[in-house]
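Enquirer: These are the residues of each chain, in order.
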Amino acid sequence: MNMTYREAISQALRQAITRDERIFLMGEDIGRYGGSYAVTKGLLADFGEERIMDTPISEAGVVGVAIGAAMGGLRPVVELMTINFALLAMDQIVNHAAKLLCMSGGQITIPLVVRTVGGAGRQLAATHSQSFEGWFAHVPGIKVATPASPYDAKGLLRAALDDPNPVIFIEHSLLYGLAGDVPEEEYSVPLGKADVKRTGTDVTIVAYSRMVQVALEAAALLEKEGVNAEVMDLRSLRPWDKETVLASVKKTTRAVIAEEGWRTGGFGAEVASTIASEGFDYLDAPVQRVAGVEAPMPYNKALEQAAIPKASDIIAAVRAVL
Amino acid sequence: MADTVQTRPLAAPTEVGLGREELLGMYRTMLLARALGQRMWLLARTGKTHFAVSGDGHEAVQVAAAQALDRTQDWCIPFYRDLAMMLHLGITARDVMLDDMARAEAPFGRGRQLPAHWSARRLRIVSGSSPVTTQLLHAAGVALASKLRGETAVTLTTCGDGATSEGDFHEALNFASVHRLPVVFVVENNGWAISVPRHKQMAVASIAERAAGYAMPGVTVDGTDLLESYKVIKEAVDRARAGEGPTLIDAQVVRLVPHSTNDDERRYRPAEELADAKARDPLPRYRAHLVAQRLLTEADDTELKQEVAQVVDDATDFAERSSYPDPSEIATHLYAGR
Numbered sequence: 000m001n002m003t004y005r006e007a008i009s010q011a012l013r014q015a016i017t018r019d020e021r022i023f024l025m026g027e028d029i030g031r032y033g034g035s036y037a038v039t040k041g042l043l044a045d046f047g048e049e050r051i052m053d054t055p056i057s058e059a060g061v062v063g064v065a066i067g068a069a070m071g072g073l074r075p076v077v078e079l080m081t082i083n084f085a086l087l088a089m090d091q092i093v094n095h096a097a098k099l100l101c102m103s104g105g106q107i108t109i110p111l112v113v114r115t116v117g118g119a120g121r122q123l124a125a126t127h128s129q130s131f132e133g134w135f136a137h138v139p140g141i142k143v144a145t146p147a148s149p150y151d152a153k154g155l156l157r158a159a160l161d162d163p164n165p166v167i168f169i170e171h172s173l174l175y176g177l178a179g180d181v182p183e184e185e186y187s188v189p190l191g192k193a194d195v196k197r198t199g200t201d202v203t204i205v206a207y208s209r210m211v212q213v214a215l216e217a218a219a220l221l222e223k224e225g226v227n228a229e230v231m232d233l234r235s236l237r238p239w240d241k242e243t244v245l246a247s248v249k250k251t252t253r254a255v256i257a258e259e260g261w262r263t264g265g266f267g268a269e270v271a272s273t274i275a276s277e278g279f280d281y282l283d284a285p286v287q288r289v290a291g292v293e294a295p296m297p298y299n300k301a302l303e304q305a306a307i308p309k310a311s312d313i314i315a316a317v318r319a320v321l
Numbered sequence: 000m001a002d003t004v005q006t007r008p009l010a011a012p013t014e015v016g017l018g019r020e021e022l023l024g025m026y027r028t029m030l031l032a033r034a035l036g037q038r039m040w041l042l043a044r045t046g047k048t049h050f051a052v053s054g055d056g057h058e059a060v061q062v063a064a065a066q067a068l069d070r071t072q073d074w075c076i077p078f079y080r081d082l083a084m085m086l087h088l089g090i091t092a093r094d095v096m097l098d099d100m101a102r103a104e105a106p107f108g109r110g111r112q113l114p115a116h117w118s119a120r121r122l123r124i125v126s127g128s129s130p131v132t133t134q135l136l137h138a139a140g141v142a143l144a145s146k147l148r149g150e151t152a153v154t155l156t157t158c159g160d161g162a163t164s165e166g167d168f169h170e171a172l173n174f175a176s177v178h179r180l181p182v183v184f185v186v187e188n189n190g191w192a193i194s195v196p197r198h199k200q201m202a203v204a205s206i207a208e209r210a211a212g213y214a215m216p217g218v219t220v221d222g223t224d225l226l227e228s229y230k231v232i233k234e235a236v237d238r239a240r241a242g243e244g245p246t247l248i249d250a251q252v253v254r255l256v257p258h259s260t261n262d263d264e265r266r267y268r269p270a271e272e273l274a275d276a277k278a279r280d281p282l283p284r285y286r287a288h289l290v291a292q293r294l295l296t297e298a299d300d301t302e303l304k305q306e307v308a309q310v311v312d313d314a315t316d317f318a319e320r321s322s323y324p325d326p327s328e329i330a331t332h333l334y335a336g337r
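Protein chains in written order, with numbering that gives the first Met the number 0: chain A, 0 to 321; chain B, 0 to 337.
No wet-lab data here; the hints were simulated from the structure. It cannot be assumed that every hint is accurate.
What the hints assert, rightly or not - Computed spacing ranges between beta-carbons, pair by pair:
| # | chain 1 | residue 1 | chain 2 | residue 2 | range |
| --- | --- | --- | --- | --- | --- |
| 1 | A | ARG262 | B | ALA270 | 36 to 46 angstroms |
| 2 | A | GLY176 | B | TYR267 | 33 to 43 angstroms |
| 3 | B | ALA335 | A | PRO55 | 51 to 61 angstroms |
| 4 | A | GLY176 | B | ASN261 | 30 to 40 angstroms |
| 5 | A | MET0 | B | ASP325 | 46 to 56 angstroms |
| 6 | B | ASP325 | A | THR263 | 28 to 38 angstroms |
| 7 | B | PRO269 | A | THR263 | 31 to 41 angstroms |
| 8 | A | ARG262 | B | ALA330 | 25 to 35 angstroms |
| 9 | B | ASP325 | A | LYS249 | 43 to 53 angstroms |
What the hints assert, rightly or not - Chain A is nowhere near these chain B residues, computed Cβ spacing over 10 angstroms in every case:
| # | residue |
| --- | --- |
| 10 | GLN112 |
| 11 | ASP167 |
| 12 | GLU170 |
| 13 | ASP262 |
| 14 | ARG320 |
| 15 | THR331 |
We put the beta carbon where it would ideally sit given N, CA and C, even for glycine.
Work the whole structure out from these sequences, hints included.
Expert: Right under this line is the structure:
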C-alpha cells in the first residue's frame, strides 16, 4: 500500500499500541495537537489520555519519567519535538538510559524508544535544524535508528519497539511527505543491517536518513555521465553494518560518505576510518566525505540551502575519487 | 550554615504503632549501617578500596523510610547516602562489601558501578545517580507505571539538599503532581552540598516550602528523630497509596563526616557547626530512648554491637576472598538480549 513516511510511522505506533498494552506514548503536544509533525494525529481519540499522554514542556523530565516507567514494566515511547531539544534530556539518555543495565549488573532493563526529528531544510534556523545522530551513536548502551524511507520507518520502529534496550529513533523533518510502498501488516527491519538502495560497480556512496535521497539523486545524474554508483543506506548507526559497507567497497574500490550534519566528528568519520583501516587494500582512491557547512544553520533560505549538502556536492566528491 | 533544629523528646513508640521487635530491629540496622559505613570509610582511607561515601548522621530517617514501606510491593530509588535504608530493606552486609570492593560477584554492578549505588531488582531498588537528582524522575516514572497498571505500589525516592537546586527536582515534582503519582520525595537535608552551605544553595527558609509550588504537601521533620520521621513518612506513603498524590518531606539530618573520602571538610566547615551536628547524632539519641522506654538494656546493647561487629567482619572477609571481575567481560550487560 502506498503511504507517506509520516503515515508509516503513525501506523506502526497505532498497531503497536493496539497489540501491546505496555506500550504508551508520552510527549509535548502529541495528544490534541497530534504531534508537531502530525505523526500522532488521531491517536488520542482512539486510545485515550493514558496511552497518548501530553506532558509538560520538560524534556529531561519526560525522558526521566519514561526511564522509570520502563523500569516499572511498561514500554514508553517518548516523542521529543526535535532532536535539538533532546539536548535537554541528554543526561537522562546518556548517563541513565544507556548505562543502568550495565551499572546494575544486568538487573535493570530500559526498553525505551525516544522518537525525535532531526535535520535542516525547513527554514527553522540554528537551534531547530541540527543533526545530532552522531552524538547518540557515540554512546554504548543505546541504539540509534535513522530511517530514510516509509518502509524502513515502519519496520525499524517495530524493531525498536521489540528491543529491550533504549533506542533513539531519528526521523527527518523533510522526509514526512515521502511516499512509498508499505505493507499493511506489521513487520520488522532489523537494526544494524544496511540496505543497498541501488547497485553499482564504480563507487560506493554511503548515506543515511535524508542524504539517501540526495545520494540517489546524485547517482541518477552520474548514470547519465556513465558512472555506475552503488548507494547504501545504513538505516541505523548503532549498531551499524560495516560488513555490508566493506563488501561494497571491495567491489567498487571507491567510497564517498554523505551526511547532513557538521563534518568534524560526524558519523561519516567513523565510516571513513573503518573503510581506511579494514578496507585499505580495496581502495583505489582516498575516501571522500560530504557534510554540512560548519556553521549554525542560517534562517535565510539561500544561506540554508548553501549549508546543506546537495546532489552536486556528492557528484563532485564522486568525481574526486574516480 | 546548616539548619539547627531544636532537639525534642522522641515520640513515644505507642504513638507510631510499632512493636518492640520493629523498634529494636530499626536500632540494629542503624548500628549495622554505622559500623559497616565506618569499615568502608576505613578501607578507602587505608587504600584498600578506592572511594567511600558515608551516611553517618542520616540513619534515623533512612531506617524510618524503609520501615514505612510495604516490602512486598513498594519501590525505592535511593541516593548514595542511603546505606541504612538499603540494609533495612533487605540488602545484606556481604552484598554491600562485595560492591564496595568492586568484586565480580558484586550484585549491584559487578564492579562497574561506584560503591553506594545499589540496585536490587528483587527488592525493587534501583540505583540512584551520580549526577544528582535524576533518580527523582525515575521514581516518578516507576510510580506512573504502577498507576497505569492499576497496582497499589508506592515509590519512595531520596536526594540531598543540594540536589533540590537541579532542574530535575522541579521536573520530577511537577510531573508527579500533575499526574497525582504515588511517590514520596524525601530530601535528606544535612545542610551541605559538599562544601556549599544551604544558604548559598537556596533562598527559601525550608525545602518543604517548595512543595507549595507543586500543590503537594511539604513537611519538615527532624530527620534525626527516628519515630517522628517514621510517622511523617508513613503518612505520606499512606496518602500515596490512597491515590492522593505525592508528598515532599524535608528531613533535617546531620552530616557527621566529610562528603566522601576524597573530601577534607576542614577547609570549609566550621568546627562549632560540626560539634552541633555531632550533638544531634541520631544513634545515641535513639539508643537513649530505647533504654528509657525499657526496651533495651545495656547488656542487650553490648550484645547487639558485638553481633553487628561480627557481621561487618564476616562481610569484609567474605568480600576480600572473592575474585575481581574478568577484564574480558567489560562489555557484558551492555545490551539486553530479547
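Enquirer: Mind listing which of the numbered hints don't hold for this structure, in increasing order?
Expert: 1, 2, 3, 4, 7, 9, 10, 11, 12, 15
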